[in-house]
Amino acid sequence: ETGVTQSPTHLIKTRGQQVTLRCSSQSGHNTVSWYQQALGQGPQFIFQYYREEENGRGNFPPRFSGLQFPNYSSELNVNALELDDSALYLCASKDLAGGDTQYFGPGTRLTVL
Amino acid sequence: GESVGLHLPTLSVQEGDNSIINCAYSNSASDYFIWYKQESGKGPQFIIDIRSNMDKRQGQRVTVLLNKTVKHLSLQIAATQPGDSAVYFCAENYGGATNKLIFGTGTLLAVQP
Chain A
1 ETGVTQSPTH LIKTRGQQVT LRCSSQSGHN TVSWYQQALG QGPQFIFQYY
51 REEENGRGNF PPRFSGLQFP NYSSELNVNA LELDDSALYL CASKDLAGGD
101 TQYFGPGTRL TVL
Chain B
1 GESVGLHLPT LSVQEGDNSI INCAYSNSAS DYFIWYKQES GKGPQFIIDI
51 RSNMDKRQGQ RVTVLLNKTV KHLSLQIAAT QPGDSAVYFC AENYGGATNK
101 LIFGTGTLLA VQP
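Residue numbers (the working numbering), protein chains in the order written: chain A, 1 to 113; chain B, 1 to 113.
Isolated chain A, as found in the complex (with noise of 0.2 Å):
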């Protein structure tokens, strides 16, 4: 086990519909990154946050967006559901001072309708 969580484990949405996924990171942990996973495909970036901040961002549209809380859990919101947005959402987390390892959570599936 990582010690990261995420909830729900799996949810049916609409397009069109908003969504928000969330993550608790393990403890110590001040940097998270998120990433959408597609069957059959390698996790892609969609961004990271450290201290509350985005930190970087992949080839995702502003309709991800994302917040960071200071008890480092942190939130990934999708506005305007697509149904190519059908995924499953990881998040990672690690400590910026610790190494450069990411340690995953077991994922949010996500299936837009």
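Careful, some of the hints might be misleading.
What the hints assert, rightly or not - Ranges of calculated distance between the beta carbons of each label pair, as one might list FRET restraints:
1) A:Thr14 to B:Pro113: 28 to 38 Å
2) B:Val70 to A:Gln41: 38 to 48 Å
3) A:Glu54 to B:Ala110: 32 to 42 Å
4) A:Thr20 to B:Ala79: 41 to 51 Å
5) B:Asn53 to A:Thr14: 26 to 36 Å
6) B:Asn18 to A:Gln41: 26 to 36 Å
Said to hold, decoys possible - Just a few of them, taken from the derived set where beta-carbon distance is under 7 Å, the chain B residues facing chain A:
7) Lys42
8) Gly83
9) Asn93
Simulated from the structure, these hints should not be mistaken for lab results.
All figures in this text were calculated on a predicted structure; none of them were measured in a lab.
For each residue, glycine too, the CB sits at the ideal point set by N, CA and C.
Dock chain B against the given chain A, drawing on the hints supplied.
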């Protein structure tokens, strides 16, 4: 462009044999590489990592080899067990201000009893 690819999408081995999973990366400036194991319905699990100033690193039953000349990474699993059956990803860390991981599409390792 940004890509980490795998040579073999599926690898089938007999229990007890050694397994070798290969990976090519594209960014010669990347300084850190990681192998993750992902079982069905779970998030990626850290296996082993290696920095660009090394060419070999060993863990428990696993060895990672890095050939920077040809930008190639491999994961060797000794005495493969049924519990090793999973999808294996190599990931490339771009480093800098954002430790963005670039993943390949993965190799499915199937261990036959």
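Quiz item: So which of those numbered hints doesn't the model satisfy?
Solution: 1, 2, 5 and 8
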